[in-house]
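Colleague: Listed here are the chains, written in short residue letters.
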Amino acid sequence: MSWDAIFPQISTGSGFWSPLVWSGAILIILLIAIGIRRLGRKDYKEKTGQTQVFLSGNPEYEKEQMHVKASNMYWGFMESMKWLYKYLNKMHTGVASDYILWFIVVLAVLFILIGVM
Amino acid sequence: MNIYEILLTNSPALIVAIPLLGAFLTPLISRINGKLRNLFAISVLGLTGFFIFWLAANIFIGKETFSYVFGGVETSTVIRIIFEVDALSIFMAIIAIILAFVGTVYSWAFMKDNTGLDKYYTLILLMTTGMLGMVLTGDMFNFFVFLEITSISSCALIAFRTNQGFAIDAGFKYIVISAIGALFVLFAIALLYSQYNALNMAVLANAIKYDFVDKIALVLLVGALAMKAGIVPMHMWLPDAYGRAPAPISLILVGVTQASLYGVLRVVFTVYGGISEILKVNAYLSLGTIVVILAIATMLVGVIMALKQFDFKRMIAYAAVAEIGFMILAIGTGLYLVGVGSLGADMAFKGGVFHIINDALDIGLLFLVAGSVYYATKETSLDKMGGLARNMKYTTIFFIIGLLAVAGMPPMNGFASKLIIYESIYQASPLLSIVAILSSIMLLAVFVKVFHSAFLGPAIPKFKNVKEAPKSMLLAMLLIACLIIFFGLFPDFIINNIVEPATNVLTGGVLS
Amino acid sequence: MTLPFALNIPYIAVALLILLGLYAVIFKRNLIKIVIGITLIESGVNMFLITLGYRKGSIAPIYTSSPGGIMALPVPQALTLTSIVIGVAVLALMLSLVIHLYRHYNTLDVRKIGGGKE
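Protein chains in written order, with my numbering: chain A, 622 to 738; chain B, 24 to 535; chain C, 350 to 467.
Keep in mind the hints are simulated off the structure, nothing from the lab.
It is possible that part of the hints are untrue.
[To be verified] Under the rule of at most 27 Å between Cα atoms (straight-line distance), these lysine-lysine pairs were calculated in the DSS-like manner:
#, chain 1, residue 1, chain 2, residue 2
1, B, Lys-407, A, Lys-703
2, B, Lys-331, A, Lys-703
3, B, Lys-401, B, Lys-135
4, B, Lys-416, A, Lys-684
5, B, Lys-135, B, Lys-416
Build out the structure end to end from the sequences listed, making use of the hints.
Modeller: Okay, structure coming up:
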């Protein structure tokens with residue numbers, strides 16, 4: 622049996638991809654990772670200072686208050702791209718007539734590019 | 024001729040007729056019992072699916088095209104409508120029937136508490152008829168009629184929850200966009216009819232001469248159908264319509280937008296595929312460049328707006344816009360490469376067509392997960408959710424599968440098609456590959472945000488008693504997840520047998 | 350031989366109807382005016398379909414007891430009938446949605462209804 626019969630592959634224009642070979646490799650790597658983790662120490666005491674969270678000396682609040690909400694998650698990205706979001710928010714107004722205005726603009730641009738060139 | 028031959032030669036008509044008959048029988052059966060009506064709708068769609076898969080097996084293995092003539096064949100005056108089923112049509116029909124079947128199975132438990140369910144199942148069967156008619160027909164005016172059938176029934180289904188004002192607003196925006204788009208399609212069909220006295224796509228393909236009126240018709244057709252497919256900057260109805268409809272309807276709407284994308288492909292490659300070589304090179308170069316520019320705008324606007332949302336289904340809708348950008352990018356690059364004359368166009372078309380079915384399955388699974396989260400918690404805003412993975416284990420597993428597939432991670436099917444797209448658009452320009460990989464990574468960022476804020480985290484006291492989703496919803500999600508994993512582990516089987524005949528239809532008139 | 354200019358008037362009327370309809374959809378704020386604009390576009394496209402079937406000096410294409418001579422093309426008239434029926438269905442759907450919207454929001458201004466949420 623040839624290699625292609627057991628492990629089929631697709632060939633893109635400049636390479637190939639064989640998912641079964643990849644899955645086998647990931648499985649072997651996972652087994653090695655589990656083996657390395659089992660070499661760890663098991664003699665630690667629960668609920669003392671050995672298992673508490675360290676937040677650079679800040680106090681730890683209740684679990685429900687520490688959960689980062691969805692709107693605040695990518696705060697750094699949103700703040701630095703505020704100029705882009707201001708322009709995009711003005712584009713997405715939500716009014717039905719503006720959608721047709723964009724359609725006519727695209728039709729005009731397409732007509733100039735295809736009809737004339 | 025035995026019974027199998029008779030059924031096979033009549034199957035293009037049966038595929039459209041069975042859901043239509045089922046749609047008209049559903050209100051009558053619904054008077055008897057509610058469960059009987061659900062079973063009837065599922066069995067009608069199952070029977071249609073059987074005919075589609077049988078016809079698909081014959082087309083993909085036998086490599087022939089089926090045609091069915093409505094009307095007289097031997098009369099002197101020829102007035103007839105021809106259904107022409109080749110590999111690309113049956114490929115889109117397979118996508119449509121899988122989405123409709125899974126959506127109906129999912130609706131059994133999801134819509135159980137709503138009233139007016141007889142109208143709901145009738146409209147789903149009508150929408151399936153419209154979708155299947157749009158992809159199987161070979162006649163331009165028939166395409167317009169089925170387009171209108173689909174848009175009217177989809178609008179009624181989007182605005183199904185009439186107790187919520189914003190759902191009706193989404194339905195109104197959808198019908199305004201659909202009506203104006205379809206009217207411009209009719210205008211272009213009238214222009215073509217006036218020039219060549221023919222409505223059949225094959226007759227038009229032989230007769231088109233690509234002078235000024237034909238260019239106007241091409242611009243109108245591509246523009247109006249692209250608006251219905253959700254390409255920037257005409258995409259703004261998509262988040263409203265997908266985000267405020269019930270979850271199984273968002274699933275079937277993905278099939279409707281992809282049928283409109285099929286309309287663009289049909290017009291550009293089959294109807295306008297028979298023009299002479301010099302004109303074709305010019306036309307494909309300019310058309311390819313425009314499509315690539317629109318595709319890059321679609322991908323970038325889709326992911327950047329998706330990062331900002333905090334409503335679950337609206338975020339998935341913006342991700343769907345970005346995925347349509349991927350498909351258009353591959354096809355536009357293929358057009359440009361055909362115009363330039365290089366040989367990499369075949370691989371680009373294969374990537375684009377393979378991505379159509381992958382995107383339908385991935386975004387569909389994500390919409391179903393959003394629906395089951397809404398069913399359990401009655402919340403749509405991500406700011407108020409948290410820690411759902413403790414109680415809803417299976418939903419979390421399906422969400423992880425959908426996340427990996429949409430972001431293009433191995434071994435899911437998203438990686439196989441996106442790899443082909445990345446490597447084939449590198450031939451046109453390396454900058455396009457960079458933008459495509461960047462938007463894939465940002466899609467991963469979008470869904471990791473959803474995963475953290477909805478499923479991980481501490482248990483919120485309000486959600487301590489949420490139960491897992493009912494069995495029919497889990498079964499529907501399991502069906503799509505199995506298809507995703509199967510397409511991901513055996514992509515060569517899919518590409519050689521299903522995608523390659525469909526791509527040969529696109530390039531048959533181009534790279535002969 | 351050049352056709353008299355009077356034969357071009359239906360095409361000019363079609364262009365005016367479609368442009369008026371587009372103006373009403375894009376620039377008017379009342380929901381019912383947007384619906385009327387869509388109906389105007391539909392009327393323009395239907396008229397375009399019928400005008401295409403006219404041949405010079407032809408009569409209506411009815412077989413029974415016709416006085417003879419060339420007839421106008423019947424196929425565009427069949428297409429127009431289908432399009433009118435579809436237009437009636439879309440109009441009924443849009444107007445019922447407008448009634449529901451007025452009941453929920455108490456206003457018919459499209460900028461207040463659509464632009465409220467994000």
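Colleague: Need the list of violated hint numbers for this structure, in ascending order.
Modeller: Of the numbered hints, all hold.
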